[in-house]
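Engineer: Single-letter residue listing:
Number of protein chains: 2
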Amino acid sequence: MPLEIPEVVIDRLPVYFRTLTRIADEGRTVISSQELGEELDVTPAQIRKDLSYFGRFGKQGRGYSVQRLLGELKDILGLDRRWRVVVVGIGRLGRAVASYPGFEGQGFDIVARYDANPEVIGTNVDGDLVRDVATLESDLRENHAEIGIVTVTASQAQDVVNVLTRGGVRAILNYTPTGIQVPPTVEIKHINPVLFLQSMTYHLKRRIDERDALRG
Amino acid sequence: MPLEIPEVVIDRLPVYFRTLTRIADEGRTVISSQELGEELDVTPAQIRKDLSYFGRFGKQGRGYSVQRLLGELKDILGLDRRWRVVVVGIGRLGRAVASYPGFEGQGFDIVARYDANPEVIGTNVDGDLVRDVATLESDLRENHAEIGIVTVTASQAQDVVNVLTRGGVRAILNYTPTGIQVPPTVEIKHINPVLFLQSMTYHLKRRIDERDALRG
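Chains as they are written, first to last, in the numbering used here: chain A, 1 to 216; chain B, 1 to 216.
None of these hints come from the bench; they were simulated from the model.
Taking beta-carbon pairs under 10 Å as the criterion, some of the chain B residues facing chain A (in silico):
no.: 1; residue: PRO14
no.: 2; residue: GLU39
no.: 3; residue: TRP83
no.: 4; residue: ARG92
no.: 5; residue: GLU146
no.: 6; residue: ILE208
BS3-like cross-link-like pairs, simulated, lysine-lysine; straight-line CA separation at most 27 Å:
no.: 7; chain 1: A; residue 1: LYS74; chain 2: B; residue 2: LYS205
no.: 8; chain 1: B; residue 1: LYS205; chain 2: A; residue 2: LYS49
no.: 9; chain 1: B; residue 1: LYS189; chain 2: B; residue 2: LYS74
no.: 10; chain 1: A; residue 1: LYS74; chain 2: A; residue 2: LYS189
no.: 11; chain 1: A; residue 1: LYS74; chain 2: B; residue 2: LYS189
no.: 12; chain 1: B; residue 1: LYS74; chain 2: A; residue 2: LYS205
no.: 13; chain 1: A; residue 1: LYS49; chain 2: B; residue 2: LYS49
no.: 14; chain 1: A; residue 1: LYS189; chain 2: B; residue 2: LYS205
no.: 15; chain 1: A; residue 1: LYS49; chain 2: B; residue 2: LYS189
no.: 16; chain 1: B; residue 1: LYS49; chain 2: B; residue 2: LYS189
no.: 17; chain 1: B; residue 1: LYS74; chain 2: B; residue 2: LYS49
no.: 18; chain 1: B; residue 1: LYS189; chain 2: A; residue 2: LYS205
no.: 19; chain 1: A; residue 1: LYS49; chain 2: A; residue 2: LYS189
no.: 20; chain 1: A; residue 1: LYS74; chain 2: A; residue 2: LYS49
Listed next, with one range per pair, are the computed distances between beta-carbon atoms:
no.: 21; chain 1: B; residue 1: PRO44; chain 2: A; residue 2: GLU210; range: 28 to 34 Å
no.: 22; chain 1: B; residue 1: GLN67; chain 2: A; residue 2: ARG28; range: 51 to 57 Å
no.: 23; chain 1: A; residue 1: GLN46; chain 2: B; residue 2: ASP128; range: 40 to 46 Å
no.: 24; chain 1: B; residue 1: GLU4; chain 2: A; residue 2: GLU119; range: 49 to 55 Å
no.: 25; chain 1: B; residue 1: PRO44; chain 2: A; residue 2: GLN46; range: 24 to 30 Å
no.: 26; chain 1: A; residue 1: ARG141; chain 2: B; residue 2: ARG211; range: 17 to 23 Å
no.: 27; chain 1: B; residue 1: ARG211; chain 2: A; residue 2: ARG206; range: 42 to 48 Å
no.: 28; chain 1: A; residue 1: ALA154; chain 2: B; residue 2: GLU35; range: 20 to 26 Å
no.: 29; chain 1: A; residue 1: ARG84; chain 2: B; residue 2: ASP41; range: 22 to 28 Å
no.: 30; chain 1: B; residue 1: THR21; chain 2: A; residue 2: ASP132; range: 32 to 38 Å
no.: 31; chain 1: B; residue 1: GLU26; chain 2: A; residue 2: THR123; range: 37 to 43 Å
no.: 32; chain 1: A; residue 1: ARG28; chain 2: B; residue 2: GLU142; range: 42 to 48 Å
no.: 33; chain 1: B; residue 1: GLY127; chain 2: A; residue 2: ALA154; range: 21 to 27 Å
no.: 34; chain 1: B; residue 1: SER99; chain 2: A; residue 2: THR123; range: 19 to 25 Å
Where is the CB? At the ideal position from N, CA and C, for every residue including glycine.
Here chain A stands alone, though its shape is the one from the complex:
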C-alpha cells in the first residue's frame, strides 16, 4: 500500500462505502466501475483510480464483488470496530448533532455529552445526563474516547480542543465557525455551512456571468 493517499480520495471512500452498502441491501453482488460511477456521479476512470490506491479489487471486465469491496473499505476506514465519541456543547446545535440517527449504526458510540451551562448540566438528553465540561479531562482518562465533536461557541472552541487532545482524543469534528490549532497527531475536520455555500456560489456566479455575457 502506498504511504500517501491524497486526502481528497480518502474523503470519497465513505461515500463509496455508503453507496455500496445500499447496493448490497438491494441484493446485488457484482458491480462495474461504470455502474458504480453512475450511482456516484463520477467517471468510471476516477473510481478505478481511487480504488487502485488500495490494491487490486476488480478483475478486468468482470466488475467488483460488492461484498469484497465493502469488506476492504470497512477495513481501510476502520469501520470494523467501534469508536468512542464525546460531544462538547449541548446547545441547540449540539443536541441536534448528538441525536443524529446515523452514528450508532456506523460504529460511533456517543459515550458522554458535556456543557458549561449550569442549567444544562445534569439534564437528560437522549437518555444520558449532560456532564460538567470541567470533568472532561479526568473523564477522558477513564472513558478513553478517541473522537470529539465540538459544538461550543467559537470563543470556547480552542480551549475545549486543547482539553480533548490532552485527554487523548485523536480526531475532532469542529462545528464552530473558527480555525482551530491541533497537534500533527490529531485529525480535524470542520463543518461550517458558510464555507460550503461559498464554494457553491463560485459556480453560481460563473453561470450568471456566462448568461449575462450571452445576453450581451
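Mind docking chain B on chain A? Use the hints.
Structural biologist: Leaving out everything else, chain B in the frame of chain A:
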C-alpha cells in the same frame, strides 16, 4: 482564466478568504505565500499553485497585497453580492442551522423557513414565521431564492429538492444522510457528520495499526 479548476481548489478558496479577512482585520497589508501557508497549514507551493488558477496575484519575492487578494477572491467566489437562501425543515437541526450567526455577515440572507408540521408552521423562529412547505414552489417564483438548505428527514429530502430545483434554486446544502439526485445545472454539497468521522477513522486506524506493529 482556465475553464476547469479542480473542485478541491474551489473548496479551499473560502478558507483562504476567511483567513485573509482575519489578517486584514489585524491591520496587515502584505502577506507572503510562506506566511499564508503557515496560517492555513498548507505548503507555500500549494498556495501559489491554487492562486495561479486565477491569474497573477503576487510579485516574485514581494508577497501578496491582502486587500487585492481579498477583492479578487470576493469577485471569484461571488461574495460581492447577496444571495437569497431558503431553509426547508425547521426541526432541531433546521433551527440550529438557520440561526447560525455567520450567514448574514457573509452575504447570505435567509428569506424564508419552511416546515410540513402543522404545529411548526406559523411559529416564530428568529423573528420570521415558519411557512407551509406546500407553498414553497409558488413562493420561489416570487422570492427568487438561489440557494436551499435542506434539513428535513432523509425520506422527504428528494421530494423537497425536486421542488427547490423546479422553483429555480441552483445550489443545495443537504444536511440529510442520503444521496440526492440533482440536474447538472444545480450544485449540491452534503453535510453528513458520519462521512466526516469515517474519513478521520481511516487515519486513526492506520496509526493504531502502526503502533501495534511497532509493539510486535
